[in-house]
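J.: With chain A's structure known, arrange chain B on it following the hints.
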Amino acid sequence: MRSPTAIQALRARIEKIEAGHKRPSAALPFGIAAIDQHLPGGGLAEAALHEVAGGGNGAVDGAAAALFAAGIAARTSGKVLWCLVRKDLFAPALQQAGLGLDRVIYVEAGDEKTLLGCFEEGLRHGGLGAVVGEVARLSMTASRRLQLAAERSGAIGIAIRRWRRHADAAEFGQPSAALTRWRVSSLPSVPLPVAGVGRARWHLELIRCRAGESADFVVDACDAKGRLAISSDVVDGQAAAKAGSRRAAA
Amino acid sequence: MLLAADRAAQGAGLRVGMEAVRAQALIANLVMKDADLESDATALEKLALWALRRYSPIVGSDPPNGLVLDMTGAAHLLGGEAAMLADLSGRLMKVGLSAHAAMADSWGAAHAVARSIRQQVRLIPAGESRAALAPLPIARLRLAAETIAGLRRLGFETIGELAATARAPLALRFGSEVGRRLDQAFGAAMELITPIRPDELVCVRRAFAEPIAAPQTLHRYTRKLVDALCLELEAKGLGARRLDLLFFRVDNRIEAIRVGTSMPVREPKRLVRLLGDKIETVEPGFGIEIMTLTATVAEPLMPKQRVTTLVQEEEADVSDLVDILANRVGSHRVYALQTVSSDVPERSVAMAPPLPAAGPGNIPVRWPRPSRLLTPPEVIEAIAMLPDHPPVAFTWRGVRRRVKRADGPERIFGEWWKRDAELAAVRDYFRVEDEAGERFWIYRAGDGEDTETGSHRWFMHGLFG
Chain A
350 MRSPTAIQAL RARIEKIEAG HKRPSAALPF GIAAIDQHLP GGGLAEAALH
400 EVAGGGNGAV DGAAAALFAA GIAARTSGKV LWCLVRKDLF APALQQAGLG
450 LDRVIYVEAG DEKTLLGCFE EGLRHGGLGA VVGEVARLSM TASRRLQLAA
500 ERSGAIGIAI RRWRRHADAA EFGQPSAALT RWRVSSLPSV PLPVAGVGRA
550 RWHLELIRCR AGESADFVVD ACDAKGRLAI SSDVVDGQAA AKAGSRRAAA
Chain B
941 MLLAADRAAQ GAGLRVGMEA VRAQALIANL VMKDADLESD ATALEKLALW
991 ALRRYSPIVG SDPPNGLVLD MTGAAHLLGG EAAMLADLSG RLMKVGLSAH
1041 AAMADSWGAA HAVARSIRQQ VRLIPAGESR AALAPLPIAR LRLAAETIAG
1091 LRRLGFETIG ELAATARAPL ALRFGSEVGR RLDQAFGAAM ELITPIRPDE
1141 LVCVRRAFAE PIAAPQTLHR YTRKLVDALC LELEAKGLGA RRLDLLFFRV
1191 DNRIEAIRVG TSMPVREPKR LVRLLGDKIE TVEPGFGIEI MTLTATVAEP
1241 LMPKQRVTTL VQEEEADVSD LVDILANRVG SHRVYALQTV SSDVPERSVA
1291 MAPPLPAAGP GNIPVRWPRP SRLLTPPEVI EAIAMLPDHP PVAFTWRGVR
1341 RRVKRADGPE RIFGEWWKRD AELAAVRDYF RVEDEAGERF WIYRAGDGED
1391 TETGSHRWFM HGLFG
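Residue numbers (the working numbering), protein chains in the order written: chain A, 350 to 599; chain B, 941 to 1405.
Since the hints were derived computationally from the structure, they do not count as laboratory data. Keep in mind that this is a model prediction, so the values were computed, not measured. Some hints could be false.
[Unchecked claim] A short, non-exhaustive set of chain A residues, derived as facing chain B with CB atoms under 8 Å:
#  : residue
1  : 410
2  : 412
3  : 415
4  : 434
5  : 437
6  : 438
7  : 440
8  : 441
9  : 450
10 : 455
11 : 535
12 : 536
13 : 539
14 : 543
15 : 570
Where is the CB? At the ideal position from N, CA and C, for every residue including glycine.
The shape of chain A in the complex, shown without the other chains (with noise of 0.2 Å):
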């Protein structure tokens, strides 16, 4: 086994090979160490494509994979391009993950083809904090086009997938040009000392990080500023042991 300082030394000549017409990569923390740690550059990198889907039912409605992408934004700065073909999107629960109504602006495009392009041209402006579209089928070349857009102008590009049926989400497994891939399946939500429900909680999985390794969490849902928690109970390990029987069995 080589050296872990032969590989870093690799992976410095790589990034300097990539770094030709990259900006500066700034990377947008999410404030969580387990799981900043395990992304190259402490955190979500700026100028970079990223696709969110969710799990089980998710990947139909894509309702959990949404609140995520808005807690990303949230934390951007400037406007944020939401672009959809199902206009089922209830903007008070953005607004709810921290990203305000007075900062999106939303696109309907009629189909996917169109929504492509709006996405594109989006991540293109680079007068935008982040571009979100919500799309099934996202072909290597389609996300390649994306993810140069975005090295160009320094957005942050989040590809919510999401398809009609749930046999279609099988897609998921398939290559694309994103830097990272999450997967945002729904928890029993955090216990409270009352009946009710409490604050949501999902499984992320980290499938695919570029130069990184994928990783899941069991983390506490967007608060109002867009940030996520690890709560208490979590980090003593016992739903942590409960999220790695679960991806032993899958």
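T.: This is chain B only, laid out in the frame that chain A set:
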């Protein structure tokens, strides 16, 4: 002779074309006004200008009392052909004009149908002009009065009958006009709409010695026209809100591109970008000999003074992006959302123009709201204790889920001050979580006690993440 009659007069039996003496004999104390053809024409011109600004880059007048709009490729930006027609007639009615509007495959067909219908608007679907025209009288064909009289004498009453006869004898007797008008009505012959160009609009024009056709060439001359237009706009202190670029082809057809902006603009680069996006939709045919660029809608644009501050970084200008997207998907599909003071979830957000951005005056809702809202809400089967307990289990889309935890009820009352039907209506919302951890927003129509408040059925309204 009567040149026009309003609805009351028509109801009393007066017809256009009647002698004045006869009309006065029919009705005592008839109020008649002398025709003022000149101001009629001016009014029609004004109306044409309005239509040009609002609906289509190619608007011509169809004297004495009509307008013709070329809606090719322009209707979808206004929400489709039917919506555009409804909008047109609605707006005309609001200002007190009674008008008939029809949309068909050709000018001739639309002309004939609009003048024959009783209702306000009629949309003839593509390819059905022939059938729609057949029962109409031949007087609608825009033929000279003596030709019509001659045809009547021969026994022709409807356009259908005329179209079914052999052309040669007709041409021998009445000239080629009859055949030409028939062809134009059926869309078999080309008819040029001469677009109006009012003097008050800023317009630049370029004619070519040799017809041009290559997209790159079109693009280059577009840039030159935009530069010239921007200079003129600057001299007048205006910025363009809507631009029409017309291409006059050598075969006498006109291709048009229309772009709009959300704020007045006179920056050549941005305008070229907007127009350039659409050049590929232009069909140059055998070549284009004239290009004109008009700022159909222009608004004052004064230089703005910029203040630099130490504290706040100015937010990047995204109006150019909004314009690009709006011209691509239609301006009604690029929007911002605003909260409206309504407790009913589906009415609590409303579309707003994306620019200028609304202030952060939107107060967030305090209760959790789902990120996906189902429209319309879907009926679910639920078992619950009345009046105010959440369901124990429910079945949605054929899947039965046991409720593990729940929050609620959040009671929402109907807006009786807006709609009478909602006087007693009540919805009780619950946030429920099933065993797998999925969270749903469900409601019961009614308060659980009084059946007047709702049907007491359960509905799925939204999904939390």
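J.: All the hints need checking, so say for each whether the structure fits it.
T.: Hints versus structure:
1. 410: holds (5 Å)
2. 412: holds (4 Å)
3. 415: Since the shortest Cβ distance to chain B is 5 Å, the answer is holds.
4. 434: violated (11 Å)
5. 437: holds (5 Å)
6. 438: The hint holds - residue 438 of chain A has a Cβ within 8 Å of chain B, the shortest such distance being about 7 Å.
7. 440: Nearest chain B Cβ about 4 Å off; hint holds.
8. 441: holds (4 Å)
9. 450: With a minimum Cβ separation of about 5 Å from chain B (threshold 8 Å), the hint on residue 450 of chain A holds.
10. 455: OK, holds: residue 455 of chain A within 8 Å of chain B, min 6 Å.
11. 535: holds (5 Å)
12. 536: Residue 536 of chain A check passes; min Cβ-Cβ to chain B is 4 Å, inside 8 Å.
13. 539: Violated - the Cβ of residue 539 of chain A stays beyond 8 Å from chain B, reaching only about 11 Å at its closest.
14. 543: violated (10 Å)
15. 570: holds (6 Å)
Of the numbered hints given earlier, the model fails hints 4, 13 and 14; all others are met.
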